[in-house]
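Generate coordinates for the entire structure from the input sequences, incorporating the hints supplied.
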Amino acid sequence: MRIIDKTAAQVRSLTPAEEELLVGFASGTLAGPRLLQANQLLMKVRSANQWLACDCRSDALPVLNVTLNGNTGTLFLKNNPGTAEHAPGCPFTKDEREAAERESQPTPPAAWLPPDTPLRLIGDFRSGSAPAATGDNHERREQQRLLALLLTWIETSGLNLYATHLKKDLTGQFAELRSVASRYPLLERVPASNYLETRLDMKHMMMLKARLREATVFGSHRRHGLLLDCVDQVKGRKLFNHGNADGLDFQGHHLYWGGNRTAGPLLALALYSPTSAGSQFYELIHVASVPVLSRAHLFPVYRDEEREPLKALVSLIDWMASKGVKVQMRRPVIGGEVMDELVLTSDQDRVLSVSLLEQPIGPEPDTENFKRYADFKSPETFRKYVAGFFMRER
Numbered sequence: 023m024r025i026i027d028k029t030a031a032q033v034r035s036l037t038p039a040e041e042e043l044l045v046g047f048a049s050g051t052l053a054g055p056r057l058l059q060a061n062q063l064l065m066k067v068r069s070a071n072q073w074l075a076c077d078c079r080s081d082a083l084p085v086l087n088v089t090l091n092g093n094t095g096t097l098f099l100k101n102n103p104g105t106a107e108h109a110p111g112c113p114f115t116k117d118e119r120e121a122a123e124r125e126s127q128p129t130p131p132a133a134w135l136p137p138d139t140p141l142r143l144i145g146d147f148r149s150g151s152a153p154a155a156t157g158d159n160h161e162r163r164e165q166q167r168l169l170a171l172l173l174t175w176i177e178t179s180g181l182n183l184y185a186t187h188l189k190k191d192l193t194g195q196f197a198e199l200r201s202v203a204s205r206y207p208l209l210e211r212v213p214a215s216n217y218l219e220t221r222l223d224m225k226h227m228m229m230l231k232a233r234l235r236e237a238t239v240f241g242s243h244r245r246h247g248l249l250l251d252c253v254d255q256v257k258g259r260k261l262f263n264h265g266n267a268d269g270l271d272f273q274g275h276h277l278y279w280g281g282n283r284t285a286g287p288l289l290a291l292a293l294y295s296p297t298s299a300g301s302q303f304y305e306l307i308h309v310a311s312v313p314v315l316s317r318a319h320l321f322p323v324y325r326d327e328e329r330e331p332l333k334a335l336v337s338l339i340d341w342m343a344s345k346g347v348k349v350q351m352r353r354p355v356i357g358g359e360v361m362d363e364l365v366l367t368s369d370q371d372r373v374l375s376v377s378l379l380e381q382p383i384g385p386e387p388d389t390e391n392f393k394r395y396a397d398f399k400s401p402e403t404f405r406k407y408v409a410g411f412f413m414r415e416r
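Everything in the sequence shown is counted per the working numbering, starting at 23 for the first residue and increasing by one.
Note that these hints are calculated values from the structure, not bench results.
Among these hints, one or two may not hold up.
To be verified - Simulated crosslink set (DSBU-like; lysine-lysine; CA at most 30 Å straight-line):
| no. | residue 1 | residue 2 |
| --- | --- | --- |
| 1 | K406 | K333 |
| 2 | K189 | K393 |
| 3 | K66 | K100 |
| 4 | K66 | K257 |
| 5 | K260 | K348 |
| 6 | K345 | K333 |
| 7 | K333 | K399 |
| 8 | K231 | K260 |
| 9 | K190 | K66 |
| 10 | K348 | K333 |
| 11 | K66 | K260 |
| 12 | K333 | K189 |
| 13 | K333 | K190 |
| 14 | K345 | K260 |
| 15 | K345 | K406 |
| 16 | K333 | K393 |
| 17 | K406 | K189 |
| 18 | K348 | K393 |
| 19 | K190 | K345 |
| 20 | K225 | K190 |
| 21 | K189 | K66 |
| 22 | K257 | K225 |
| 23 | K189 | K348 |
| 24 | K345 | K393 |
| 25 | K348 | K190 |
| 26 | K348 | K406 |
| 27 | K406 | K393 |
Right under this line is the structure:
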């Protein structure tokens with residue numbers, strides 16, 4: 023058994039003792055300090071974005087990756103799809119067909135989460151005698167709830183609505199988010215706002231950890247909190263923020279809106295919890311993110327190509343307001359069939375639907391007043407059209 027990087031270059035071979043440890047881990051025979059040693063070894067491999075290659079065959083290398091079940095805090099080894107099968111009798115042989123079938127099922131779209139209903143974003147630790155889950159549909163649904171929660175908070179706090187007379191500074195935007203969070207309990211009678219930090223850095227992680235360690239409201243449930251911030255980027259399993267070149271590690275999944283990763287800035291919501299029962303070591307588990315217009319304006323952006331024309335639209339709306347024409351711009355983030363659609367309304371009597379993407383996504387809205395930015399000869403032509411649409415006969 024050897025450690026390899028993702029170009030298949032060898033990093034090093036495992037020592038006989040390490041290999042024996044992993045054989046025991048794969049067969050489920052380890053307990054106590056030995057199980058802790060195996061977990062520490064596997065976590066190092068995972069944190070370095072490395073894989074394990076098995077020497078059970080001479081003609082090909084079966085490759086395994088170290089996967090974290092964020093629901094249970096359990097590490098497990100998973101055979102990489104498309105790589106060679108293990109030799110008969112190899113202790114790392116597993117039947118991955120059911121897991122592959124589960125993973126091939128499409129992830130349901132994010133749904134609006136009702137307030138005053140326990141979120142249950144992360145499952146409790148399993149007892150020592152109970153089998154650990156390995157990425158089943160229940161866990162995937164819980165992961166998806168973190169993204170659904172972020173989108174629900176954006177919608178409920180009005181961050182997806184822009185109008186000059188409703189404009190708030192960054193402090194005001196986060197105040198709205200914290201206010202909304204108070205209506206969403208992590209568990210029964212545990213408001214998310216009580217265990218929420220709106221700054222994602224080591225200092226605020228330690229502050230949240232201290233509150234969680236002292237908390238009695240979680241009872242027998244797994245302690246967890248949330249960190250919310252506007253970040254620079256999420257790359258691999260690292261979250262980069264406030265000029266921190268090293269980034270912050272997270273151990274679970276990055277859930278992103280719209281199906282494609284988009285450049286920052288991003289509004290990110292991270293789940294923070296111990297990764298094993300009884301542990302005082304807290305880590306970022308899953309991260310959900312939505313691209314936003316800028317670090318000062320948390321209006322959601324569907325694709326990076328939207329940012330410049332969207333900034334021009336915001337400027338145009340401000341200009342029309344100075345002329346006495348109040349225009350509101352809204353982006354549906356939950357429940358809309360066409361997620362790249364922006365809906366502009368003026369005094370409730372004129373409605374214009376626009377898309378700022380070069381290529382359409384999904385069906386066009388069934389409305390007479392729908393325009394694509396890409397269909398105009400220049401940004402100035404588009405700007406004049408929008409201004410004329412709302413200001414004619416005024």
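Determine which of the earlier numbered hints do not hold for this structure and return their numbers in increasing order. Structure breaks hints 5, 9, 14 and 21.
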